[in-house]
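Chain A is fixed; fit chains B and C onto it per the hints.
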Amino acid sequence: MSRILLEVKDLHAGYGATEVLHGLSMQIEEGSITTLLGANGAGKTTTLRALSKMIKVRGQILFDGQAIDALATEDIVRLGVAHVPDGRGTFGSLSAEENLQLGSYTRKDKKEAALDQEKMYAYFPRLKERRHQQAGTLSGGEQQMLAIARALMLRPRLLLLDEPSFGLAPLIVKEIFDIMRTINTVDKVTILLVEQNAAMALDLASHAYLLETGKLVLSGRSEDLKQDEAVRRSYLGH
Amino acid sequence: MSNTSSLAPVATALPWIRLILGMGAACALPFFITNYHVFQASLVLCYAIALVGLNILIGYSGQISLGHGAFLAIGAYTTAVLMDKFDMPYWMTIPIAAAVCLAVGFLFGLPALRLEGHYLALATFALAVALPQLLKFKHLEFLTGGVQGIVIMKPESPFETLFGLKLNSDRWLYFFTLTVTVIMFVIGWNLIRGRIGRALIAIRDQPIAAASMGINTPLYKSLAFGVSAMFTGVAGALSAILVAFVAPDSFTVFLSITLMVGMVIGGVTSLPGALYGAIFIQFIPNIADQISKAAPWAIYGVMLILFMYAMPTGIAGALRLLGQKIRPHNA
Amino acid sequence: METFIHQVVAGIATGGVYASLALALVMIYQSTHHINFAQGEIAMFATYMAWTLINAGVSYWLAFVCTILLAFTLGVLIQRIIIQPVEKAPVLNVVVVFIGLLVILNSIAGWVFTYTIKSFPSPFPKEPPFGLHFISSHELGSIGVTLVLLVLLYGFFKFTPLGLAMRASAQNPDSSRLVGIRVGWMLALGWGLAAAIGSVAGMMIAPVVFLEPNMMSGILLYAFAAALVGGIDSPGGAVLGGFIVGILENLLGAYVIGTELKLSVALVLIIVVLTIKPAGLFGKVIVSRV
Chain A
0 MSRILLEVKD LHAGYGATEV LHGLSMQIEE GSITTLLGAN GAGKTTTLRA LSKMIKVRGQ
60 ILFDGQAIDA LATEDIVRLG VAHVPDGRGT FGSLSAEENL QLGSYTRKDK KEAALDQEKM
120 YAYFPRLKER RHQQAGTLSG GEQQMLAIAR ALMLRPRLLL LDEPSFGLAP LIVKEIFDIM
180 RTINTVDKVT ILLVEQNAAM ALDLASHAYL LETGKLVLSG RSEDLKQDEA VRRSYLGH
Chain B
0 MSNTSSLAPV ATALPWIRLI LGMGAACALP FFITNYHVFQ ASLVLCYAIA LVGLNILIGY
60 SGQISLGHGA FLAIGAYTTA VLMDKFDMPY WMTIPIAAAV CLAVGFLFGL PALRLEGHYL
120 ALATFALAVA LPQLLKFKHL EFLTGGVQGI VIMKPESPFE TLFGLKLNSD RWLYFFTLTV
180 TVIMFVIGWN LIRGRIGRAL IAIRDQPIAA ASMGINTPLY KSLAFGVSAM FTGVAGALSA
240 ILVAFVAPDS FTVFLSITLM VGMVIGGVTS LPGALYGAIF IQFIPNIADQ ISKAAPWAIY
300 GVMLILFMYA MPTGIAGALR LLGQKIRPHN A
Chain C
0 METFIHQVVA GIATGGVYAS LALALVMIYQ STHHINFAQG EIAMFATYMA WTLINAGVSY
60 WLAFVCTILL AFTLGVLIQR IIIQPVEKAP VLNVVVVFIG LLVILNSIAG WVFTYTIKSF
120 PSPFPKEPPF GLHFISSHEL GSIGVTLVLL VLLYGFFKFT PLGLAMRASA QNPDSSRLVG
180 IRVGWMLALG WGLAAAIGSV AGMMIAPVVF LEPNMMSGIL LYAFAAALVG GIDSPGGAVL
240 GGFIVGILEN LLGAYVIGTE LKLSVALVLI IVVLTIKPAG LFGKVIVSRV
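Chains as they are written, first to last, in numbering that gives the first Met the number 0: chain A, 0 to 237; chain B, 0 to 330; chain C, 0 to 289.
Keep in mind that the hints were calculated from the coordinates and are not lab data.
Keep in mind that this is a model prediction, so the values were computed, not measured.
All C-beta atoms, glycine included, are put in the ideal place defined by N, C-alpha and C.
Among the hints, a few may not be true.
[Said to hold, decoys possible] Take a look, some chain B residues computed to stay more than 10 Å from chain C by CB distance:
id, residue
1, 17
2, 21
3, 42
4, 85
5, 154
6, 162
7, 179
8, 184
9, 204
10, 209
11, 281
12, 286
[To be verified] Cut-off 25 Å, straight-line C-alpha distance, at most; resulting in silico cross-link-like pairs (BS3-like, lysine-lysine):
id, chain 1, residue 1, chain 2, residue 2
13, B, 84, B, 135
14, A, 187, A, 109
15, A, 107, C, 157
16, C, 87, A, 118
17, A, 8, A, 214
18, A, 109, A, 55
19, A, 107, A, 118
20, A, 187, A, 107
21, C, 117, B, 292
22, A, 118, A, 187
23, A, 225, A, 214
24, C, 261, B, 137
25, C, 87, A, 127
26, A, 187, A, 127
27, A, 110, C, 157
28, A, 127, A, 107
29, C, 157, A, 55
30, B, 84, B, 153
31, C, 87, A, 109
32, B, 135, C, 261
33, A, 118, A, 173
[What the hints assert, rightly or not] Covered, in the sense of this in silico footprint (three residues per stretch, anywhere, with C-beta under 8 Å from a C-beta of chain C), are these stretches of chain A:
id, region
34, 58-64
35, 92-106
Pulled out of the complex, with its shape left as it was, chain A reads as follows (with noise of 0.2 Å):
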């Protein structure tokens, strides 16, 4: 049995007044690719932004034992948790290279970070040939890596993904889903993905949790989920 990378416990998170997430706990392996499932407005998004404290909580996450609810998100990052918003959140007006540099600011190995550039460059040619080019006039697909690439500039040990096939192509979308079992097996970075496809997502997941209206309704391997009569219904089409 792996180590508990990520641990919730009770998590309560919401936007001002109104609670969205409402007593939250899972466990994340080290290693392992999770998914978390669930219909627009079930509190995926919400999830991430509370782990990586872009939000208020209230409860317990801890992070390779350390307690991280109550810390900034700056601080989070540095810890070895990157996180990729919905909506890429890249800086549009500087390059697609300032963006990785941005990637390892926090880096002290200046060199092993240089490194880590030509690594990206090499999971993403794309990515390469449009190195000076501003980030903001890049298509979708090649924003979604670059800014996956920039969170691995980090080296994190926990990636956040939030929806990173939204509103693309299913070519590219297999690119990125291939990509990411490459960092997870070679570089051995544990995933926590956020994802409407559930069905890719079952695929390239170990386990999975599906999220309803701000509560866990199911969670185990991907297989038994699959498997899964109201899963298949709802989210599998079929």
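Okay, now just chains B and C, sitting in the frame of chain A:
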């Protein structure tokens, strides 16, 4: 439900009771304080009128002006010139000053409304800077009196006594100012509550939606400028009569900034706020001076900052919050 | 003809000062969307600090460097202590805080240093350079210092990681946090840099306009106008705007209207430009989707 309904008539009567008590106190005031304090109270009322005007522009219509001191100047000089060169009675100059400022404000608003935010701030700031310089301009001296300004005769009270109480010039002018203040506040209240006010708020909050609903946005924005200038012009005219003197250096940029500060501290989009702000503008510099003779404006600056930390919604907002805490179940 | 060239050159020299202050304004605007109305007073205060050091016997260039560092620290402290609490407040509240800051600095300067006009030394020789008639050594030196400052700043923002982090924080604070940047400190740094730039501007203009607590108010107005003419979100535009305003002011004063009304006329002209091009000469017209 049943126990609050018996309180309902009291609840709706409360604001009227407060208003009547307030007016009563305002009328009784001049007989209990020195002539100089009566003069200061009159100035507070002037500032209050100006702040209502500024509020209409900034609070309700969402534009900005760092130059309303210029309209104080235009109103004041209109009165001074009419009284000095044309021997017009003081009370007749007020509506004329109002009309002049309404026109000037509207005309200034027409091109200025192409600018938003900081650009409009600069344009109004330029107005505030330019006007005193224009007033000092050699070639206009025949009208403006140049650097020395214009001295006017302080009006005497037409009545010796009021209900047996002695009425001197200061007291008479106080009541005159109070009457004009009440009239202006009523006009302001009606404007804000009526169609024009609602149109302005719509333009402020959702300009594109407002335009698509058929609100002639440029017209209303210029109108807001004109009306707010009119209010400030009336205040300027009154202040000229009270002080009996106008000069370019009385209307520096700092005056415009003071007006804006007063409005924010009193409370934006609040009629009572205009009064609180006026009191602040008139008396806090004196208090600051008493605290520190050496650097009174430093104390003033500190107070500005502290007020913003402690009362972000202004004095009016703070009082409202206090009122809610005392009567939380008020329907 | 020579006087014309001299007016233009003098305009470039003062324009450099306006350009520096305009750049400081744009820097703070880009990261906070607020116009720092107290920028001029901070520069004035820093110049007084330089004057104090020089009067205490410190050599000019050493005092120059110390003042820049002191101004930087002052800027950082002001942001952390006074500005940060009202960061999320409504715009008008922030404006009042800036005005309060302006008034405090002005008043303390007047109290500590008195309102009597003082002379401030120029590090450049009194004789005109290379025997030229249309430019003084101070004007040439001032232009040189301004250019060095602008080049250093450009290099800092374009080529250093910290400069990149600051640009990122100004553009997108949320994403910046997600790469671990401490955005709050980036803001403080921006203020520190703006104050440092202001101090250089102050030390360059003080020999010309003489040192007194109100020396910067007209200059700040020109800098504000310059920033808007260039486009409030464009650092390059602000710099160019500064030079344009400097030249315009000098030519207007010499040939059109005389010194009393030149401020008004300059401002009116600038406003006319803005009514034609509301986003400034180089500003981006942001087309927002409804």
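Handout entry: Numbers of unmet hints, in rising order
Key = 16, 18, 25, 29, 31 and 34
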